[in-house]
Amino acid sequence: MDKIRQNLFIYSVGVLFIIILVLAAAGVIDLYIQTVIMFIGVNIIFASSLSIVNGYMGEFSCGHAGFMAVGAYVSSVLSVTLFTANKLTGAPLLPPSLSVVLFPVVILIGGIVAAIAGLLVAVPSFKTRDDYLAIITIAVNFIIVTLINNMAVVGGSRGFMGMKKVLYAMKDVVPFPYILFWVMTFAILTVFIIRRFVSSVYGKGIIAIKQDEVAAEIMSINTNRMKLVAFMFSSGLAGISGGLFAHVIGYVNPGSFSILKSTEALVMVYMAGMGSLGGSVISAILFTILLELLRPFQILKWVIIPLLLILLMQFRPEGLMGDKELPDFFPKLKKYYKFK
Amino acid sequence: MLEIKDLKVRYGNIEALHGISFTVDKGEIVTLIGANGAGKTTTLMSIARLPRPEAPTVIAGDIIYDGESLLNVSPDVVVAEKRIALVPEGRHIFGNLSVQENLQIATYALDKDANVKDAYEKVYSLFPRLYERRKQRSESLSGGEQQMLAVGRALMTGSNFIMLDEPSMGLAPVLVYDMFKALRQMNEENMTILLIEQNAKIALEFAHRGYVIDTGEIVASGTGKELMENPDVKKAYLGG
Chain H
5 MDKIRQNLFI YSVGVLFIII LVLAAAGVID LYIQTVIMFI GVNIIFASSL SIVNGYMGEF
65 SCGHAGFMAV GAYVSSVLSV TLFTANKLTG APLLPPSLSV VLFPVVILIG GIVAAIAGLL
125 VAVPSFKTRD DYLAIITIAV NFIIVTLINN MAVVGGSRGF MGMKKVLYAM KDVVPFPYIL
185 FWVMTFAILT VFIIRRFVSS VYGKGIIAIK QDEVAAEIMS INTNRMKLVA FMFSSGLAGI
245 SGGLFAHVIG YVNPGSFSIL KSTEALVMVY MAGMGSLGGS VISAILFTIL LELLRPFQIL
305 KWVIIPLLLI LLMQFRPEGL MGDKELPDFF PKLKKYYKFK
Chain V
186 MLEIKDLKVR YGNIEALHGI SFTVDKGEIV TLIGANGAGK TTTLMSIARL PRPEAPTVIA
246 GDIIYDGESL LNVSPDVVVA EKRIALVPEG RHIFGNLSVQ ENLQIATYAL DKDANVKDAY
306 EKVYSLFPRL YERRKQRSES LSGGEQQMLA VGRALMTGSN FIMLDEPSMG LAPVLVYDMF
366 KALRQMNEEN MTILLIEQNA KIALEFAHRG YVIDTGEIVA SGTGKELMEN PDVKKAYLGG
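Chains as they are written, first to last, in the numbering used here: chain H, 5 to 344; chain V, 186 to 425.
You may find that some hints are simply not true.
List time: in silico DSS-like cross-link candidates among lysine-lysine, alpha-carbon distance up to 25 angstroms [what the hints assert, rightly or not]:
#1 V/Lys320 with H/Lys339
#2 H/Lys328 with V/Lys320
#3 H/Lys338 with V/Lys320
#4 H/Lys7 with V/Lys320
#5 V/Lys320 with H/Lys214
#6 V/Lys320 with H/Lys336
In silico negatives: residues of chain V with every beta carbon more than 10 angstroms from chain H [as the list claims (entries may be wrong)]:
#7 Val243
#8 Ala357
#9 Thr408
#10 Met413
Everything labelled a hint here was simulated from the structure, so no lab data went into it. Positions of the beta carbon are idealized from the N, C-alpha and C atoms, including for glycine.
Only chain V is shown next, with the shape it has when bound in the complex (with noise of 0.2 angstroms):
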């Protein structure tokens, strides 16, 4: 489904990302985990084609989406279009609007007959908490919920492919559980899933394969369950 091809990008003159190769496939769970700094961020930002400053410049290698090249396409149609969603770090919900009105902004990427009513439906079996607060204003929600308004905002563009990057930040332990539970929930439904985790526990064990990425490299890749008991990625990650 995606495919990156030995992918450089930099900032200014600092290469960030030193050609990393992976491959999303349709279905899956695929999680990058590594350290502060490490590119992950970096990755998924490439990925969704933000502008600069908030993106890097690809100077090199390649990311195909369903065969097609995504190195020339604008943000809108990345999400529009191509159906890929981003939740980014720190939520970036719209604070001063309700619960409902930020889904409701998220409908903008929807076809014109797309079934808007099923979507709103979709959000709020999946988190019947949203639903509870669909008038409150976003700002005043508990952490926990503003990252299912996140997720629930990138479930409404009508996404099939989604990308997380790092959805247990700040969270409460029972809460982080629920939200991986949240996930796997959504990938039964058909959704694949691009997950980034600084909490390389959890995440493996979620996910069905991993990659291992430190300083603009891939440096070890498997299954959850290979990555969980490869020595090396025990001892920089997983705490011993």
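Isolated chain H (complex conformation) (with noise of 0.2 angstroms):
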């Protein structure tokens, strides 16, 4: 019974999961909330992984945005390619209903390149300390949407589709609401893994980054071969954020990638409280909604949600949660949530 209670927050996100599944295969909840839904998974992984940058470690990346648009061009590139019929390689090179089984590969090798590609910046970028590590990464996501801009086999600027096809052959092996499924499932993993990264010793190590660097090198960490890990950790992850993104769109342009993106994550984050990974998931939920709520005003929005933040930087300047998580304000919660 104890047991069952410890970790009923665990099994309460799972029912959650499944009705939300099931009403969506169900057709109850229509494509429009699905898609908030999904905007909702993406932007949990988006705003976790520039959590274990500026949150947990305390460095200041600014242009995850351009991580996001490796991963998704990435996977995007590859799916469309291996499963659909296109106007790069003509027919597909797969048989279409293998995609049932290889999409989520897919982004992960999305995920994959963008680790990479983060750690070639990470390298340069960490000789550097604080105000110059944001300069750097805007610059990075500069040179990231330039080059796609320029490249003409994925579309240039006028961006690369053929996802949604994607989606459609593997409806047609059994139809269910494969990208909602893969979005949440990659949401709720991401969220798990990062937890037990930050609660395990070795995570402790960013941790103490953030704190003191001295203290951190006195207690052995070898806080360079830290920093890069962390780094191609969260870029990596934005990567999978980011081909998750691409085909929950169907279509994919530079314009989505650019420093607006990035200050998105940055307002998520900055909301949520610097390393509070509770936070960072509240915030993208009510991130998304927000967004929704506020599109009719269109352009205006982007005068709206500054002002919220800089209301919020005034009056609760810590964020949301600062560094806490959820079971530190209702320590009654602890009794459900064993998370370790």
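Put the two chains together into one complex, using the hints given.
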């Protein structure tokens, strides 16, 4: 009985997951709501990936959308050429029905390539500290977007499409809301893995770096290597969120990964609080819903959201949750929440 | 165990140590005493091999530990393989983590098959206070408890050589005495200790040997007792 109670939180996430899937498969929640749920999932991955670097490690990466773009393009090009008839390779390279099994693999490959891109950026960047890292990552964001803009193979600034056909190919095998399933699965896995990471002895290393680099060094933490690992991990997750984002919309163009997208992630992380994973999840949910609610205001929403951010900084500079997690605010939750 | 040979270091263009030499033998408590800016902390930073900008650049001389030079060793290896721990000035504990988590980070340095439970027990038996507060955020501890935590954390790394930078700083006199008693107890359990102090009186009382350092040079040395009776030392550091 105790065991069930301790894991109640995880079970309720699982039950919610199944309910949403069943409702979506039965057509009770319409496609618009489904898309919003998927955006929430994508944003949870994106925000929590940035919270590793900006929140837990206390460095400042400003160009996470660049890594998202890498993941989005790599996995889109892979899935389109592998599973559908397309302009690049003509006939599909693999039988389209295989997409059901290989879809998560394609997304993961996008993430791995993004992680490698992250490593390439991190090696020179972490020779600097603080503001300089922010400047370098902004530059990287621009470089990646400009590169894609000038790659005719993937459509340049017109963008790249065909991912919807992959989804149709999957639905031809067995009808099931695949993309919704995978977005939610990846989101839950991401939160779970990051939670495990930051509560492990190894992961405590990045929290140590944020607090005090000297102290981290005398605890035998190789701060340079630790920063590289964390940055790679974080950009890899951003790549995964990019891959999923591309398949949710069915179309990517370089414009969607501009500095504005990076800013969205920053807003989510700072709204959440630096170094609160629960906060990142909550603020990803709130922020996505807010964006949808403000859609009628069009460009004005980019006046309203920064204004909210200014108010937040004014009245609660540490963000919604600071570096605390939900059970720190509601100690009773601890009974239902054993997450190690 | 540790031998510093003619060590010269500089920060930028400013030479901070002008060739100091001293030794620490196994099982000893050795203290470096001196005024502000004499180069005490610089010496410890150099031994811990911390990277710039925290630590200075070595321009001449050598740091030899167990027969091997430390000059080309990275800071994480100094702790994890050479087993030299540093308790830095100002404690540098991880304030937003609990006491237990602070100690947990230090187990990072231990080997995979090391007995972590024993290490915790050792620290908690030396500082029972920390056990009482193990769940508390460490920034909420009192100054004395934070210092205990900093020493406990250094113990957790499994080191047999520990360097302390001003363990008495900011502590009430009674706590200073307790801290030194704990250090002596650690020493009796085979810990070699290199200690920096401004509070020369208590340092010399507890140390086996001592060195007096002044503006980057060693000006006097001897056993604790000898230094306490040395008229120059008395005049400059012991208040007459």
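Hint check:
1. V/Lys320 with H/Lys339: At roughly 17 angstroms apart (the allowed maximum being 25 angstroms), H/Lys339 and V/Lys320 satisfy the hint.
2. H/Lys328 with V/Lys320: Given that 25 angstroms is the threshold and the Cα spacing comes to 15 angstroms, the pair holds.
3. H/Lys338 with V/Lys320: Holds: H/Lys338 and V/Lys320 sit about 14 angstroms apart, inside 25 angstroms.
4. H/Lys7 with V/Lys320: 23 angstroms, holds
5. V/Lys320 with H/Lys214: 21 angstroms, holds
6. V/Lys320 with H/Lys336: 17 angstroms, holds
7. Val243: 17 angstroms, holds
8. Ala357: 24 angstroms, holds
9. Thr408: Holds: least Cβ distance 29 angstroms, greater than 10 angstroms.
10. Met413: 31 angstroms, holds
The structure fails none of the hints (numbered hints given earlier).
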